[in-house]
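Top to bottom, those sequences are chains B and H. Just so we're aligned, residue 10 is where the first sequence starts under our numbering, counting upward by one. Just so we're aligned, residue 10 is where the second sequence starts under our numbering, counting upward by one.
Accuracy of the hints is not assured; some may be wrong.
The list cannot tell twin chains apart, which means a pair is met if one copy fits it or any two copies do.
What the hints assert, rightly or not - As a list, the in silico DSS-like pairs of lysine-lysine whose alpha-carbon atoms are at most 30 Å apart: (1) K303 to K175; (2) K310 to K411; (3) K38 to K353; (4) K43 to K411; (5) K139 to K298; (6) K353 to K119; (7) K254 to K139; (8) K175 to K353; (9) K254 to K175; (10) K254 to K353; (11) K298 to K310; (12) K256 to K310; (13) K38 to K254; (14) K119 to K303; (15) K254 to K303; (16) K119 to K298; (17) K411 to K303; (18) K256 to K298; (19) K139 to K175; (20) K254 to K298.
If you are wondering where the hints come from, they were derived from the structure by calculation, not from laboratory data. Note that the coordinates shown come from a computational prediction; the quantities given were computed from them, not determined experimentally.
2 protein chains.
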Amino acid sequence: MPVNLTSPVASELLPVEGVLLGIAEAGIKRPNRKDLLVMQLCDGARVAGVFTTNRFCAAPVIVAREHLAHADGVKALLINTGNANAGTGEQGMQDARTTCAALGGLLNCKPTQILPYSTGVIMESLPVAKIVAGLPGAVANMRADNWYDAAQAIMTTDIVAKAISKQVMVDGVTVTITGIAKGSGMIHPNMATMLGYIATDAAISQQLLQEMVREAANRSFNCITVDGDTSTNDALMLIATGQSKLKEVSAFGSTAYCTLVEAISEVAIYLAQAIVRDGEGATKFITVKVEGGKDAEECKKIGYAIARSPLVKTAFFASDPNLGRILAAIGYAGVADLEVTALKLYLDEVLVAENGGRATSYREEDGQRIMQQSDITIRVVLNRAVANATLWTCDFSYDYVKINASYRS
Amino acid sequence: MPVNLTSPVASELLPVEGVLLGIAEAGIKRPNRKDLLVMQLCDGARVAGVFTTNRFCAAPVIVAREHLAHADGVKALLINTGNANAGTGEQGMQDARTTCAALGGLLNCKPTQILPYSTGVIMESLPVAKIVAGLPGAVANMRADNWYDAAQAIMTTDIVAKAISKQVMVDGVTVTITGIAKGSGMIHPNMATMLGYIATDAAISQQLLQEMVREAANRSFNCITVDGDTSTNDALMLIATGQSKLKEVSAFGSTAYCTLVEAISEVAIYLAQAIVRDGEGATKFITVKVEGGKDAEECKKIGYAIARSPLVKTAFFASDPNLGRILAAIGYAGVADLEVTALKLYLDEVLVAENGGRATSYREEDGQRIMQQSDITIRVVLNRAVANATLWTCDFSYDYVKINASYRS
C-alpha cells in the first residue's frame, strides 16, 4: 500500500481556466477502465516539456517533441494508458500520428497541434482503432472540473491517483496551478515521471515556461528512484493558459517568475514524492540527504548509490538496521577521493557511523526504532565542502517482485 | 536453488604442492560451522591479488594490501567468515593485525607475512578472541587434500561450495591449478568475488603473476553481477608455489605464459559463473552478450544496464517474455549516439527486435519457450563496429528479497 499517501479529494482539485479534460474508457488493455485522456487547451495557451533521455524513447515522445517544435500552437494533449507505443519502430510513429490526426479532426485543428503520450506495456503495437473509437466519447464530455478523473485515467500500476492544486498570489492576482502524474515502477531520472502534467492560468513567455519546467523537473522528478530503470516514455509538461488576470511573465528572475517557479516546483515535488510513496511494493518512504560534498554531482552519485542498492532497500523493507550496507553503497558510489573516515551517517537524528565505523554512541535499539517508521531520512554528511543533494526512494519488497513478475499477465 | 550448479566432488579437487589447508569451527557467528581457513604456503611461493574498489574497503583488505607490499614473502592466508570486519574503523585495523600476529606466532613467521580476509556482516566488531582461539585447531590439521572443506569454510549465504581443479601441460610439464571462491550476494564488479583463491604449482615471476590475476579477474569476476552492489571485501588472490618442475615463467606473451593465463582464467570464469548460478534467490542463469560496439566499454555499459535492471530480472524470474524491458535498458545505458533502429536483439537464437521494434518474424511462443529455460542468452548486436563484451547475471526472485531481508537474523 502507498506509504503515507492518500487519494486526492476531487473537490480540492481546482480547475485551471483554459484547460478542459475529457476522459474515455477505450478498452485499450482491458474493458471498463478509464484509459484515455484528452486535455484541450484554449487559444494562446503555451506548452513546454522535458522528456525521457532513454535512446529507445517511444514513438509518442518523438512525435510530441516534433509537434511541440511547430509554431502552430498546441490545441490538445492526448494520453493513453495500457500501451506505451515504445519499441514499435516505424509503425509506432505512424500510429502516434494517426491518433493525433483523429483528434485533430474532432477538434478542428491540425494533427501537429496535438501532443501524444502513451504509457503501459512496451514492444506491443498501439491499438489505434480502439483509441480512435474512444476519442469522440472523450471529446463529448469535456469539463474543467474533472482533474480527479483525469489523474485516474493515466494510471497503470499506480494504486492511488496523484493530483494536487495550489494557489499563489502573484502581483496581487490569484494564480491557480493544478497538476497530475502517474508512475510507480520503471522510475529513475532523468526523467522519472513517468507522466506529469501541470497547468497554470498564468501567462508565461515560451522561453520562461521552458526554463520553469526544467527547474521544476530537476527539483522533483529528477530526484527520485524506485528501481533505477529509466522509462522510454517519461514526460513532464507545463501548460500556461494565460487566462488569469496576471500580466505575462517574461523576465527571468523577476518576483513573479520566482514565485511561480517555486509554486510549480512544489506541485512537481508533491507529485514526484507521491510516485515514490506509491512505488511498486513500497512499504517505506526514504529521503536520502547527502550534505557537505564538493559539488551537487558527487552528492547525487552517493545518494543514488544508496537509493538504488537492492541490499539497502531490502534491509529497509525488513526494518533491519543492517546499516553497514549503506556504508558499502557510499563506498562504491564512484567518488574516487572520498575519505570514509571523515563522513558521518545519520538515520533521522541518530548518529550511526563516524571515523570509518560504528559511532560509539550508536545503540542498536535506536537504529531499530527508526527503521520501524514508514518515513525515514538517511543523512550522509561528507565534510568535504558545502554542496548537497536530496533524493527520494522507497524500499524493496516481495511485492515489487510480484508486481513486476506478473505485470503483463 | 543454484542454477545448473552442483557441489564439486571432493576427490576431483587436486592438491597443489606447496599449499596446506587448515580448517576450524571457531563459532564466529554461530557454532558447529566451518568458519576459519588457513592456507599455508611453502617457502618461495608468490602471491598476487586484486581487491575491491569500494572506498569503504574493509580493514583486512587494507592490511592484506600492506602485507602484500612487504618484501618478506607470504607464509599464509587467513580467512574468516561470519564477520566482514568492514566499517569498523581503527579498531578493525587493529583486530585484523591481531589475528595476523596470532597466526604468525603459530607458524613462526612475522605478522606481515600473513594476509587476512574476512566476509560476512558489515559494521560489527570482529570477534578476535574466537578467531585467535580457533587458529591452533586449524594449524594442527593442515592437509594438502582438503580443498573441498576449504571451499565450505569460506561460504556465507552460498548454498553450494565452489571449487575446481584443472591440469595443463606447459613445456612438457603437468601444471595443476585449483581454485575456490565464495559469494552469492553483494556481487558486482569491480570486484565481484567476494573471495577467490586460485593456486598453481607453476613458478611465475611476481610481475607476471600480478598481470595474470588482473587478466583472469577481468575475464571472470569483473563480468558478473547479481545485485549491482560492490562489496567492501572482495579479493581474488593468485598463488604460485613453484613446486612443479616447470621453469619459472617470466616472459610476457611466451607460450607458457599464454597457456597458464588461459587455464587460470578458465578456473576463474568457472568460479565467477558459479557465484552467479548460486546468486541469492537465482532461478535462471543469464548470459548477456553485446556485440558490434565501438569499444568494449560501451558494450559493457549496455550489458550491465540489462544485467542490473530489476524490471528485466523480474521478467526472467516470471518466464515472461516482456522483452521491451530489455530495449528500455539498452536505451538508458548511457550510450549517447546509439541508433536504436540499427540494433538487433536475440534471445538465444530467436530474433526478437530489429528496426527499432518487434521483429516481424518474432512469435510470442518462441520467446516464451526460451524464457522457460534455466540457461538463457540475451544477445544484442549493435552493428556499430566490432567490439564486444560478455557478462553473466541471474534473475531476481522473491527469494532474493527474502534472503536479504533476513540475512542478519
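Cross-check of the supplied hints:
no. : hint         : result
1   : K303 to K175 : neither (35 Å within a copy, 50 Å between copies)
2   : K310 to K411 : both (29 Å within a copy, 27 Å between copies)
3   : K38 to K353  : between (49 Å within a copy, 27 Å between copies)
4   : K43 to K411  : within (24 Å within a copy, 36 Å between copies)
5   : K139 to K298 : neither (46 Å within a copy, 38 Å between copies)
6   : K353 to K119 : neither (58 Å within a copy, 36 Å between copies)
7   : K254 to K139 : neither (40 Å within a copy, 77 Å between copies)
8   : K175 to K353 : neither (37 Å within a copy, 47 Å between copies)
9   : K254 to K175 : within (17 Å within a copy, 82 Å between copies)
10  : K254 to K353 : neither (50 Å within a copy, 54 Å between copies)
11  : K298 to K310 : both (11 Å within a copy, 27 Å between copies)
12  : K256 to K310 : neither (41 Å within a copy, 49 Å between copies)
13  : K38 to K254  : neither (42 Å within a copy, 71 Å between copies)
14  : K119 to K303 : neither (50 Å within a copy, 42 Å between copies)
15  : K254 to K303 : neither (44 Å within a copy, 56 Å between copies)
16  : K119 to K298 : neither (47 Å within a copy, 45 Å between copies)
17  : K411 to K303 : neither (40 Å within a copy, 37 Å between copies)
18  : K256 to K298 : neither (38 Å within a copy, 58 Å between copies)
19  : K139 to K175 : neither (35 Å within a copy, 62 Å between copies)
20  : K254 to K298 : neither (40 Å within a copy, 60 Å between copies)
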